[in-house]
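Undergrad: With chain L's structure known, arrange chain V on it following the hints.
As they're listed, the protein sequences go chains L and V. First residue of the first sequence: 1, per this note's numbering; consecutive thereafter. First residue of the second sequence: 116, per this note's numbering; consecutive thereafter.
Note that these hints are calculated values from the structure, not bench results.
One side only, chain V facing chain L, incomplete, derived with CB under 7 Å:
#	residue
1	Arg618
2	Gly619
3	Asp621
4	Lys624
5	Ser646
6	Leu658
7	Gly662
8	Phe909
9	Ala912
Pairs of lysine-lysine residues, derived as DSBU-like cross-links and limited to a Cα-Cα distance of at most 30 Å, are as follows:
#	chain 1	residue 1	chain 2	residue 2
10	V	Lys695	L	Lys77
11	V	Lys434	V	Lys570
12	V	Lys695	V	Lys679
13	V	Lys695	V	Lys772
14	V	Lys570	V	Lys772
15	L	Lys77	V	Lys772
This structure is a prediction, so every number in the text was calculated from the model and none was measured. Ideal Cβ placement from N, Cα and C applies to all residues, glycine included.
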Amino acid sequence: MTQTLALTWTTVCLLDRLEPDRGVAALVDGVQVALFRTADGLFAIDNRDPVSGAYVLSRGIVGSRGGVPTVASPLHKQVYDLRSGHCLDLPGVTVARHDVRCRDGLVEVRLRQEA
Amino acid sequence: MSGGDLIVIGNGMVGQRFVDALRARDPQGSWRVTVLAEEGRPAYDRVRLSAYFDGVTESELNLHTPDDGVRLRLGEPATAVDRDRQVVTTAVGEYRYDALVLATGSYPFVPPVAGTELPGVFVYRTLDDLAAIRAYARGRRVGAVIGGGLLGLEAANALRLLGLSTDVVEFAPRLMPVQVDQAGGAMLRRYVDDLGVRTHLGVATTAIRPGPDGGVAALELSDGSTIDAELVVVAAGIRPRDQLARDAGLPLGPRGGVLVDATCRTVDERIWAVGECAAVDGTCHGLVAPGYATAEVVADRLVGGAATFPGADTATKLKLLGVDVASFGDAHGATEGCLDVTFTDPATRVYAKLVLSDDAHTLLGGVLVGDASAYPTLRASVGGPLPAAPLALLAPDGGGADAGALPATAQVCSCNAVTRGDVDAAIAGGCADVAAVKACTRAGTSCGSCVPMLKQLLDAAGVAQSSALCEHFDVSRRELFEIVRVRGIRTFSRLVAEHGRGRGCDICKPVVASILASLGNGHVLDGEQASLQDTNDHFLANLQRDGSYSVVPRIPGGEITPEKLIVIGEVARDFQLYTKITGGQRIDLFGARVEQLPQIWRRLVDAGFESGHAYGKALRTVKSCVGETWCRYGVQDSVGLAVALELRYRGLRAPHKLKSAVSGCARECAEARSKDFGIIATETGWNLYVGGNGGFRPRHADLFATDLSTDELITLIDRFLIYYIRTADRLQRTAGWIEAMDGGLDHLRAVIVDDSLGLCADLDAAMARHVSSYSDEWRDVLDDPDRLRRYTSFVNAPDVPDPSITFTRERGQPVPVRADGPAGGHRPQPVTLGLPEVRR
Numbered sequence: 001m002t003q004t005l006a007l008t009w010t011t012v013c014l015l016d017r018l019e020p021d022r023g024v025a026a027l028v029d030g031v032q033v034a035l036f037r038t039a040d041g042l043f044a045i046d047n048r049d050p051v052s053g054a055y056v057l058s059r060g061i062v063g064s065r066g067g068v069p070t071v072a073s074p075l076h077k078q079v080y081d082l083r084s085g086h087c088l089d090l091p092g093v094t095v096a097r098h099d100v101r102c103r104d105g106l107v108e109v110r111l112r113q114e115a
Numbered sequence: 116m117s118g119g120d121l122i123v124i125g126n127g128m129v130g131q132r133f134v135d136a137l138r139a140r141d142p143q144g145s146w147r148v149t150v151l152a153e154e155g156r157p158a159y160d161r162v163r164l165s166a167y168f169d170g171v172t173e174s175e176l177n178l179h180t181p182d183d184g185v186r187l188r189l190g191e192p193a194t195a196v197d198r199d200r201q202v203v204t205t206a207v208g209e210y211r212y213d214a215l216v217l218a219t220g221s222y223p224f225v226p227p228v229a230g231t232e233l234p235g236v237f238v239y240r241t242l243d244d245l246a247a248i249r250a251y252a253r254g255r256r257v258g259a260v261i262g263g264g265l266l267g268l269e270a271a272n273a274l275r276l277l278g279l280s281t282d283v284v285e286f287a288p289r290l291m292p293v294q295v296d297q298a299g300g301a302m303l304r305r306y307v308d309d310l311g312v313r314t315h316l317g318v319a320t321t322a323i324r325p326g327p328d329g330g331v332a333a334l335e336l337s338d339g340s341t342i343d344a345e346l347v348v349v350a351a352g353i354r355p356r357d358q359l360a361r362d363a364g365l366p367l368g369p370r371g372g373v374l375v376d377a378t379c380r381t382v383d384e385r386i387w388a389v390g391e392c393a394a395v396d397g398t399c400h401g402l403v404a405p406g407y408a409t410a411e412v413v414a415d416r417l418v419g420g421a422a423t424f425p426g427a428d429t430a431t432k433l434k435l436l437g438v439d440v441a442s443f444g445d446a447h448g449a450t451e452g453c454l455d456v457t458f459t460d461p462a463t464r465v466y467a468k469l470v471l472s473d474d475a476h477t478l479l480g481g482v483l484v485g486d487a488s489a490y491p492t493l494r495a496s497v498g499g500p501l502p503a504a505p506l507a508l509l510a511p512d513g514g515g516a517d518a519g520a521l522p523a524t525a526q527v528c529s530c531n532a533v534t535r536g537d538v539d540a541a542i543a544g545g546c547a548d549v550a551a552v553k554a555c556t557r558a559g560t561s562c563g564s565c566v567p568m569l570k571q572l573l574d575a576a577g578v579a580q581s582s583a584l585c586e587h588f589d590v591s592r593r594e595l596f597e598i599v600r601v602r603g604i605r606t607f608s609r610l611v612a613e614h615g616r617g618r619g620c621d622i623c624k625p626v627v628a629s630i631l632a633s634l635g636n637g638h639v640l641d642g643e644q645a646s647l648q649d650t651n652d653h654f655l656a657n658l659q660r661d662g663s664y665s666v667v668p669r670i671p672g673g674e675i676t677p678e679k680l681i682v683i684g685e686v687a688r689d690f691q692l693y694t695k696i697t698g699g700q701r702i703d704l705f706g707a708r709v710e711q712l713p714q715i716w717r718r719l720v721d722a723g724f725e726s727g728h729a730y731g732k733a734l735r736t737v738k739s740c741v742g743e744t745w746c747r748y749g750v751q752d753s754v755g756l757a758v759a760l761e762l763r764y765r766g767l768r769a770p771h772k773l774k775s776a777v778s779g780c781a782r783e784c785a786e787a788r789s790k791d792f793g794i795i796a797t798e799t800g801w802n803l804y805v806g807g808n809g810g811f812r813p814r815h816a817d818l819f820a821t822d823l824s825t826d827e828l829i830t831l832i833d834r835f836l837i838y839y840i841r842t843a844d845r846l847q848r849t850a851g852w853i854e855a856m857d858g859g860l861d862h863l864r865a866v867i868v869d870d871s872l873g874l875c876a877d878l879d880a881a882m883a884r885h886v887s888s889y890s891d892e893w894r895d896v897l898d899d900p901d902r903l904r905r906y907t908s909f910v911n912a913p914d915v916p917d918p919s920i921t922f923t924r925e926r927g928q929p930v931p932v933r934a935d936g937p938a939g940g941h942r943p944q945p946v947t948l949g950l951p952e953v954r955r
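Okay, chain L solo, but in the shape it has when bound:
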């Protein structure tokens, strides 16, 4: 799957569709994005688990590690920093992050290409 550059914001869903401390997947210009709503705000990262290659990160458990908001891969439990996309268990492993915001009760996503 090729990631295309999107300069524009795409409206994804109502904020109400995001359960607190839980993720959902969205399809933005053919890219699978994992969206999370936590007490620290909204986060968007690639849905693809870089360790397994499966598109599952949106289904991980959300939490914190040392104050950092995190999600754990549901497959083999590696934990990722939701802000940076860095894996906190495997040095050097990172998942791409995307921009996300809430406007008028709507969640919007803008893809980023850098990791």
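TA: Quick look at chain V alone, frame taken from chain L:
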């Protein structure tokens, strides 16, 4: 002597140990080993012989390790030894030897009274004996055992398990006269009385009388009385089998046995003797530990070593008829001037005696009846200073017997010869918990009786064993459970705010979700609970490696109608699911996308299926054999019980998955002993086993209770499960939970059978709440649009299937394609059996 033809006569426990020990020392095979065995089966664990009546199979008792370098002649006993020609004769032929090891063991002593040849009179030595006893017991009511020693009491328990009303006749004035003293024997008798076994002490059997059918009918005793007995087991002691040596002109010990010196060699430099047939410096030893010691000595000598017999350790700890009995060192106080310290508590039925040196400083030996928890520490202290004041050592639960006071040379684990020094070295080397010490030293890996000592030694070394769940909670799962239960907390956010910190993680959130579910807080996806669930519980399906899910409908007991089987087939066909039969007698349907799950379950629920909880840390399956309904060997309705149990415990959330099985007879086709709770039918009820599992560290379940009625069985399982759910650690299966429990199985029995903590009424009530509040999780989801809403692959494109999930076909079924991702490149290519292996 360093090689040539070696003949071993006898393939009992010690004979087998000798062969193993020699082969370990002689890897080049300079000795060509031939074993001549009388029995038709290879060596088995005769110490655990009675376990045969608890449903343990012959193969589980097997000790024989296949070894191409050893010629094993089963059913070919030696008949003569010709020392001049160096030849052993059997019915088949002759075997020349350069070295000969006699490991002929013992034979049961049968007192010279009339009637011992009658049908229905048995000895208790081999598996064949036990099989014959079992067969003869069928349909009979009363049995008797001649002999009230260790073997006699085992035989009495066996008859009891076979449903016979049982009498024991012992010539000595107490039970187990060799191991325990008069007061200990008296305490033991109180336990035996309670089991309904009648004892006749200080009397001899004068005759065994037949009935009208020619079989045994009664015993006549020396006090003039007569007792009815349709089956008699003679367990009046053993005698060394020394006939071959005797015929070959070898000297014997004063009370029989092949006379050997401390190197275990006879006067003939080519002939050695090991085990019960050997009279080492004139004395025969009837226990396996000294026998093993002789085997090691001879193995060492045959490869040029200089080992000598270290002296017999006659320390014994066993459980007879459910009673702990231990005896060690100078148990009878034979040492000149020795002092006794005794403790007798008729209320708790504990008797203990320590034998001390005349200055009261050195422990010489002792006897424990009813509570043997102090045995490991005491036995390790024999010959040295007392580890604590005598009365503190003897107090029930051995509270004062702290291993921290032991010297470095004291043996902590006698099974694997591990000293305190070894354990301390492992701790110094970085072992920080009991599991690490066990793995590193092998201590506690056999009988496990020293495990509490290992924990004490870790404590003594100042190793803090953290029980904190994760960075968000400083307490263990067990403590968290109590906090949630006692304070009535119903949400994670309140729990973490009041008793933890941070926002939780993938460790504590599922634990709290499980605790809330165990305590009955409605549907697992209600409100905030949904966010705590692992993805499996969140979608009520099992996540697979490609991001798809599998579906397992409940098939209670593995029993299914053709109509339901057809529905599963139709669903699998219509949704193109890969189909596989599981080990738990169910059917797993793979390859479902999240948006398909409700459609699949709509079809399944309409056909009468419900959630199988394969995704949850919950009861999975209660496997069963077909039972007496069809099977010609079955003695109970195993399928009926399995269905009832599965329906009773379905949906019960636990610290880990729970598996169970029910077998309809002792053949154990359902493999119940590999389950967390397994049930095996007996002629009169059910035997309950607990703490088994397969998996990474397979473990057989332990026998917990015997001959239970169905109601008694269910009560015990109810309490077992609730107590486990309340007190186990995170992801701790029942096996590890029992192993880690102070007091182990005995403690568990005290809590859920004897109600020692006064918990049983509460445990019973908790299970009653679970049973009455059960509701099918999948039906509840289908009935609720809010819950259904999360079953989409994409929140902004509910109708688009996940394009990353694609299938190819293998053996006629869909399987994941994984072109994407680094793991995809590592996948081994399929192998076609029956053709040369193909690798692309």
